[in-house]
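Asker: Given two chains presented individually in distinct reference frames, assemble the corresponding complex, making use of the accompanying hints.
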Amino acid sequence: MPLEIYLNVAASGLLTGLVYGLMALGLSVIFGVVRVVNFAHGEMMTVAMYLALVLFTALRLDPLVLLVPIAAALFVFGYLLQSAIINPFINRPEHSQFMLLVAIAIILVNAQLIVFGPDAQGVTTGYTYDSFQLGPVIVDAVRVYAAGAALVVTAALFSFFRFTLTGKAIRACADNYDGARVVGLDVKRLYALTFGLGAACVGAAGTMLILVGDVTPAIGPAYTLLAFVIVITGGLGSMPGALLGGLLIGVTEALGGVLFVPSAKSMFAFGLLVLVLLFRPQGILGRKAH
Amino acid sequence: MKRRQFNQALAAAGTLAALSPFGIVRAQPKTLRVGVLLPRSGVQAGIGQDCHRGVEVGMKVLAELGLPGLDIMNGDTESNVDVARSRAERLIAEGAQLLVGAFDSGQSTAIAQVAEQRGIPFVINIAAAPPITEQGYKFVFRNFPTAPMILRDAFANQLEVFAAAGAAPKSAVFMHVNDTFGVAMQKGFTAVMSKFTMPYTVAGPIAYDPAARDLSVEVAKARATGAEALIMVSRLNDAILITRELVKQRWNPMAVLSMGPGWYEDQYLRTLGKLSDGPLSFVPWYDPNKKLSKVLEAAHAKAFPDINLNTNHIYTFEALLVAADAFKRAGSADPKALAEAIRATDIKDNVSTGPGIQFDPKGQNDKLRNSAIQNRGGKLVAVAPKEAANAKPELPMRPYSKR
Chain X
0 MPLEIYLNVA
10 ASGLLTGLVY
20 GLMALGLSVI
30 FGVVRVVNFA
40 HGEMMTVAMY
50 LALVLFTALR
60 LDPLVLLVPI
70 AAALFVFGYL
80 LQSAIINPFI
90 NRPEHSQFML
100 LVAIAIILVN
110 AQLIVFGPDA
120 QGVTTGYTYD
130 SFQLGPVIVD
140 AVRVYAAGAA
150 LVVTAALFSF
160 FRFTLTGKAI
170 RACADNYDGA
180 RVVGLDVKRL
190 YALTFGLGAA
200 CVGAAGTMLI
210 LVGDVTPAIG
220 PAYTLLAFVI
230 VITGGLGSMP
240 GALLGGLLIG
250 VTEALGGVLF
260 VPSAKSMFAF
270 GLLVLVLLFR
280 PQGILGRKAH
Chain V
0 MKRRQFNQAL
10 AAAGTLAALS
20 PFGIVRAQPK
30 TLRVGVLLPR
40 SGVQAGIGQD
50 CHRGVEVGMK
60 VLAELGLPGL
70 DIMNGDTESN
80 VDVARSRAER
90 LIAEGAQLLV
100 GAFDSGQSTA
110 IAQVAEQRGI
120 PFVINIAAAP
130 PITEQGYKFV
140 FRNFPTAPMI
150 LRDAFANQLE
160 VFAAAGAAPK
170 SAVFMHVNDT
180 FGVAMQKGFT
190 AVMSKFTMPY
200 TVAGPIAYDP
210 AARDLSVEVA
220 KARATGAEAL
230 IMVSRLNDAI
240 LITRELVKQR
250 WNPMAVLSMG
260 PGWYEDQYLR
270 TLGKLSDGPL
280 SFVPWYDPNK
290 KLSKVLEAAH
300 AKAFPDINLN
310 TNHIYTFEAL
320 LVAADAFKRA
330 GSADPKALAE
340 AIRATDIKDN
350 VSTGPGIQFD
360 PKGQNDKLRN
370 SAIQNRGGKL
380 VAVAPKEAAN
390 AKPELPMRPY
400 SKR
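Sequence lines, in order, name chains X and V.
Take the first sequence: its letters are residues 0 to 289, numbered as in numbering that gives the first Met the number 0.
Take the second sequence: its letters are residues 0 to 402, numbered as in numbering that gives the first Met the number 0.
Excised from the complex, chain V in its bound form (with noise of 0.2 Å):
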């Protein structure tokens, strides 16, 4: 090549380089670095992991969707809340981007603090504490009800079920498990419960020890009330505890009417077999009848045809697809982008129950609607909302000793 060619080819490059829309400058990330904390040890393991599998359905499903990668970083918060706060640090120091958990309010409350502090954002899964989102933090979003939220939709819900089913019942006892969770929850109980007209009184409340071993003081204490219903704010291993304790005190309640979780979980069901049938929960739940929902059912079911669809997935799920979204809106995984992104967001083709995934200025999801769902030969049916439902309620509930 002479030395005018050489000269003319430089020039000719460079032109088209400061010319090209694919320039370095303008690169942008592939993949978006995110920090999964779950409480996958510890008392809250078995959700932790059932959440996790969440996480792994979800990484297909939004694929599917075609929105951009997410690079997941795991972290275990060992169900306890300063590992939790220890693990989002350190996740953060490791490059995430973005943080995702933790299942638990006390636990998210802590992460919340770090993501606040560090300025990474922060979507919550699961939690259901309201002070979370009363902060005035800028980078905490929240696609999960608050424990008021819970509260008034599980009465709402409760009315319709009676009304569908042409039973109610006349008194009830009030039980819940003494955490975060659990204390918020019966903190709101009487205030929500007093602007509905319910069919029942409410004896209680009774609180139980989280790690409790035995639960038969708890359960003859409530018997002794005479209550037709059990009205439940539990976690898994105490549904199990309480169910049998249920069983062996000869107590055949007409309806369990849980606020929580655990009574719909899998390990419930297949804990305690036919005696698993028959609780109503009142909790985030999935729209059946939702496009993404048929997408999302379909995925888990050919990833574990054994475990029902349940709260844990689907708001894990959604968590991450909204993390997805605003990464594919902002166009960048800068920290401050991404907030103005994810407080931008309006899914309507979502999974929960309600018109979809929007926040409000305090980075809450005030839109959310929650279910009635029934636990019916090991699978679970929604029951309420009508315009979410997939089968009618069937109350009272059968009693243990004929099954």
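Just chain X, with the same shape it has in the complex (with noise of 0.2 Å):
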């Protein structure tokens, strides 16, 4: 088989990754601050990708411009979530935590099946067959967008929990919860701050996700399952984790397939999991529990 093959596969897994690795960034800066799992993941980007569509279908407006919207919308959305509904489950069980995330996603789907219905549905741009050709390898044009804003929307929220006190403030409860009640933080509004943003990210992936495929409501458990893949593999709850989580299950599924069967490419990021799990169980960039 050419070459060139390999590279433009490599070049598209790679592209995808990014974006799947913004998406569980959401889920890791989330575990990382709240310890909540959030098992709704998935489903809340297909909310995403479906506020694009409805965008996009009755306003015309191209997703690439709709990110920073949607992404906002998103925050909202994880905020009143996070206070309303999931804070009073702070401090329960981790059963009761995952029958209530899971009881949101189920809601979530069902009402996506009664507004939009069963079948897949897209958006098709100006831009969506769109290819670059770089010698050999022909990139495709929406990824190469796409992954360019999941690294932009990443570097802010990297920005934004470096150096603003408000990150840093997050980042405390973090680490010291206890601690950074005594110091006088408000713990509750910072967690529905982190869930918010947490969110955002998801939205952010969503609104470029509907660039590369369709959406279904069927397909939110899928990405959630997958997003765990990302996290657990990166390392749950470290966000540069979840970045290169995304880019090696993008790489290793897009490999997988070219070189042996492409039925079976979900095999090899599950391969990879297991093997992540057996030599380093904390993930590839996590820490170790105390």
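Source of the hints: derived by calculation from the structure; they are not laboratory data.
There could be a bad hint or two in this list.
Sample of chain X residues with no beta-carbon within 10 Å of chain V, all distances over it, derived [said to hold, decoys possible]: (1) Ala72; (2) Pro87; (3) Gln96; (4) Ile137; (5) Phe160; (6) Arg188; (7) Val273.
Looking from chain V toward chain X, a few residues come up when the C-beta cut is under 8 Å (computed) [unchecked claim]: (8) Ser40; (9) Asn73; (10) Asn177; (11) Ala206; (12) Tyr207; (13) Ser215; (14) Val216; (15) Glu217; (16) Gln266; (17) Lys366.
Backbone N, C-alpha and C define an ideal beta-carbon position, used for all residues, glycine too.
Answerer: In structure tokens, the structure reads:
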């Protein structure tokens, strides 16, 4: 098989992996700070995808333009969800949190089915079918734009946590819950803010993914599973780990499909996960639990 | 009334009742309770909903034909084999006297097992896996070609298309969806092809996940073979994904030869617009020249003006036609009588391509023939076999970059 096919596929996997990484980043941020595992993560992403679809269909607004408004809308959704529903469950047993978030996921899927029906729907922009030719490598233009946007959002999030007072306060909550309360931080508000930020990440990722593929209510759980595979591979709670996990899973699936059987490409992602769990249970960039 | 008059009247009434041909004992049910099992949610939801359109339009056409009424009981298989089995059980428990369904081979297999165990006739609308009618079942009937029949006619019709168009690919790559139907087709592909003198060599097969979100890798792998044509066994969503990748990866095969659903379906045509033109589908279809086809086309166009009549509608309608026809001849809703009546079916005035509807001892309509159809400007035309065609094939396909 010619070398160009490996380059083509690796480039495609890398670019898609960046968007997956952004999606998983939201899950990692939420878990890293709030210590709640968001089992409705993929379903929240389909909410963003449908928002982009509706706004594109009704107002002909390009998803790239919609990235910030939809991320903001998902931020508000996440903030309210955490403040009103999830917060009372913070100190409850993990199985209660699990049931709550699974229930939210089921509600979201069924609401989408009622409103949008079961058919796959997507957007077709002026550049949907564009591609760039770099020597023998043909790169999908949409994936390039989506990956670029994912990098920008990720950089913004990293900067927020590193350089702003609120970001530092959130990190303080993650590092030492009691200490944060002792110094007077409003932990509940910071948790809601964090959940909102995680939801904004997934909102941005969803807005980009509607450019790459169609949306159906049924894909939510598959994306939740994918996000888990990525963050566990990269390290649960680690932001750079989520991005690295996304890249690794994207490239592994792509190359696995070319080298072996395409129908079994997901197997390679799970294979990687098993290897990581065996040899580095905390994930590639995760910290060991004390 | 005097006592003598009363006794005379009573005797007269009794005599009349005894001689009457309309006694209660002889009453026949007016309607047959038909459980229609379709994947109306889940991965195959779009196709299940499409099949249901065949039920809606079919009921009106059956009434026009003067056939007895069917009382439809809907069951959603949720695109899941286990759910299909449990829904079949439930419909029978709720009084279904005959089952119809279920689009998918895996789900139809599960329903066939239930129908056979419970002794309820099951008329399969769409399912191509051969084993379903190879089990010696007495209550299972299929008015749909098996995978080998689809393949046999696909190759025969391809040769006819190539001859009519004066062009043929020298090489092809075979891609298929990795589900029950796709694997059955893949297994039969090489064996059936060897019986024909095809103008091309075949690379592959390249199997892919039916729930795949992205098929860029699969298309890149197919493109790397340098094949002139793409042979497909797919579903709807994957057909759309693959076409998008063909455009993005700047691959312009001279022909897309599909041996399954997807490429001719309305959502494919609507989603891709002018990019949907050109693929040839070798599928169970209808003969547009038949009388009943025109009736069904008109009824369908009236009910769903924006949706083309397709395989899902045709074969779901014909499954109901088989049920209503058998019910009429059996004069009873007794399952055994219905099964015997279905076995003796001989419908010549039908819709699907071929001589009509008859079942062999295994319960399979082995007289069915497939057609070759081509997408043209959002519409579908039949291009082979010649006797069931309404247009000539156009080959090679116009390159995607020049549309």
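Asker: Next step is simple, just say for each hint if it's right about the structure.
Answerer: Cross-check of the supplied hints:
no.	hint	result
1	Ala72	holds, 23 Å
2	Pro87	holds, 33 Å
3	Gln96	holds, 28 Å
4	Ile137	violated, 6 Å
5	Phe160	holds, 30 Å
6	Arg188	holds, 36 Å
7	Val273	holds, 19 Å
8	Ser40	holds, 6 Å
9	Asn73	violated, 15 Å
10	Asn177	holds, 4 Å
11	Ala206	holds, 4 Å
12	Tyr207	holds, 5 Å
13	Ser215	holds, 5 Å
14	Val216	holds, 4 Å
15	Glu217	holds, 4 Å
16	Gln266	holds, 6 Å
17	Lys366	violated, 34 Å
The earlier numbered hints that this structure contradicts are 4, 9, 17.
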